[in-house]
Amino acid sequence: VKARAERKNGDVAIMRVEQLYPFPHKAFAAEMRKYPNATEVVWCQDEPQNQGAWFFVQHYIHENMGEGQKLGYAGRPASASPAVGYAHLHQEQLKALLEQAYGKLKGFVLTK
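Residue numbers for the sequence shown, in our numbering: 530 to 641.
It is possible that some hints are incorrect.
Claimed, not checked - Simulated pairs of lysine-lysine, DSBU-like, Cα-Cα distance not exceeding 35 Å:
no., residue 1, residue 2
1, 563, 624
2, 624, 599
3, 599, 563
Worth flagging that the hints you see were computed from the coordinates, not collected in a lab.
Given the sequences, and given the hints that come with them, work out the whole structure.
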């Protein structure tokens with residue numbers, strides 16, 4: 530939310546998914562229906578791609594996407610380690626993650 534405010538990007542909606550299991554199908558679908566004009570839906574997570582919820586939730590997201598919407602991923606690349614080990618690299622990856630999520634996006638950002 531802070532990154533969106535800093536970029537003055539008011540055309541991006543943010544939905545936070547608090548519960549992954551059991552997945553909140555009805556609430557998630559209702560929230561997605563609020564944004565029928567979103568052209569892109571992006572799952573954003575701080576964890577590496579292979580360690581967060583991305584692979585678990587992507588089919589639930591697809592089930593609720595509208596015609597013509599694209600699904601994207603914004604986050605750290607897959608890694609054997611949960612952290613890069615260096616503060617400056619962590620900050621660089623975080624900055625890149627936020628740019629992926631908010632850069633030129635005109636759509637919907639999902640976070641966990």
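**Message:** Could you work out which of the previously given hints the structure breaks and list their numbers from low to high?
**Reply:** Violated hints: none at all, because every hint is consistent with the structure.
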